[in-house]
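Number of protein chains: 2
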Amino acid sequence: MKKVILYIATSLDGYIADKEHRVEWLEKLENPDSNDYGYKNFLSDIDTLIMGRKTYEVIKGFGTEWPYQHCRTLVVSRHPELAIDTPNTEVFSGDLFEEVERIKNVWSDKHIWLLGGGITTRSFLEHQCIDEIMLFTAPIVLGEGIRLFPEFRKPVRLSLLENWSYPSGMVYSHYKIIKD
Amino acid sequence: MKKVILYIATSLDGYIADKEHRVEWLEKLENPDSNDYGYKNFLSDIDTLIMGRKTYEVIKGFGTEWPYQHCRTLVVSRHPELAIDTPNTEVFSGDLFEEVERIKNVWSDKHIWLLGGGITTRSFLEHQCIDEIMLFTAPIVLGEGIRLFPEFRKPVRLSLLENWSYPSGMVYSHYKIIKD
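Residue numbers (my numbering), protein chains in the order written: chain A, 269 to 448; chain B, 269 to 448.
Chain A on its own, in the form it takes in the complex (with noise of 0.2 Å):
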C-alpha cells in the first residue's frame, strides 16, 4: 500500500530552513563519509511528490535542473493559475486529501513524499493524512527560521521505527503516525 512519507532535515530546534528559506546550514555540516543519508535509495522508492507553493519556488530557486523529474509533483496551492514551469509538475488547488487517497488507491509500491513545508505539514497532519515520518536532526540549534512544525491543536502520537545517527552528527529517527 502507498504511504505518505514526511522525508525531511530540520534543525535541533525544529527549522527547516532559516528566515530567508537558505539551507546553507545543513548544506555545510561537515559530513565525513560523504554520506547521502539513504536519499538515493529513498527516491527510488517514490513517485509522487507533494509540496507547498513557498516550497516549490525555494527549489527552483536553487536554479540546478529539477531534481524530481521522474515523480509526478503535485504544488499546492489556492491559486491555479500559478505559474509552473518545471517537469511533470501540476499545480493542485483541488480538496487534496481526496487526490490523495485516490493516488494511494493506485495499487503502487512506489510512495508519496511529503516535503513540506510547514503548512502543507500541518495540514496534512491535522488530517491523520501522514503516514511515517523520516526524520533527520542536524547538529545545531538555528534559533530562528522556517518551522517544521507549525503550532497546530491536536497532539498526534507516533511509533518509533527505526533511530540511528551518522558521522556527521546528523540523527535518523523513522516514526510511523498513530492514527485516531
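Be aware that one or more of the hints could be misleading.
Pairs count within a copy or across copies, as identical chains cannot be separated in the list.
Below, in silico cross-link-like pairs of lysine-lysine (DSSO-like), each with a Cα-Cα straight-line distance of 30 Å or less [unchecked claim]: (1) Lys308 to Lys422; (2) Lys422 to Lys322; (3) Lys372 to Lys296; (4) Lys308 to Lys328; (5) Lys287 to Lys422; (6) Lys296 to Lys422.
For the record, the hints were derived by calculation from the structure and aren't laboratory data.
Once you have looked at the hints, place chain B on chain A.
Okay, now just chain B, sitting in the frame of chain A:
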C-alpha cells in the same frame, strides 16, 4: 571540570510542556521496560541545579516532596523577594553567568543541571554557557506548548556524542556545544 548540562525531555516538535505547563503527555508515554532513561545515574552526578522561576513553580506545583534536596538549587528571577520554601533552594537575581563561572571554578566532579525553561535556556545559549545537551525526544507531535528553544539570533553548532533509543520510542541524543 564542572559542566553545565541541559538535560531535558521534549516532544518531537520541540515543546517541554503543554500550554498549561503540564507534562501528562510525557508521563503517559508507554514505557514497556520501566526505563528511567538514566535519570537516577544523571542525578547522582549533579550537585547544582539552575532553573527559571516558572519552572520552579511548575515543579513545586506537582505537590510532591522537593526532589532535589541533595543539590544547591538556584531559581533565576529578577525578583529577589520571590518566596522560596523548598530545601537547599535560593532565588538568584545577580549576574548569573559570573556565578556559574564561580561555581565551575570550585573543583568538583559533579555537574550543573540546567533544567530550563525556555527563557533561561535561551539566555544560557546566547551566553555560550551550556557545555552539553542531553535531550530525550518523546514520540509525539504536541502541536503547541512551551518551547524548549525560544527564538534567538545566533546559531549554535553542536557535536553529537551519543544517540540511542528506548523501547518506549524515546530517542536520546547527547551533544557537546561547539563554542566560538
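Hints and how they fare:
no., hint, verdict
1, Lys308 to Lys422, "neither (34 Å within a copy, 33 Å between copies)"
2, Lys422 to Lys322, "both (25 Å within a copy, 25 Å between copies)"
3, Lys372 to Lys296, "neither (36 Å within a copy, 33 Å between copies)"
4, Lys308 to Lys328, "within (20 Å within a copy, 50 Å between copies)"
5, Lys287 to Lys422, "both (26 Å within a copy, 12 Å between copies)"
6, Lys296 to Lys422, "between (35 Å within a copy, 16 Å between copies)"
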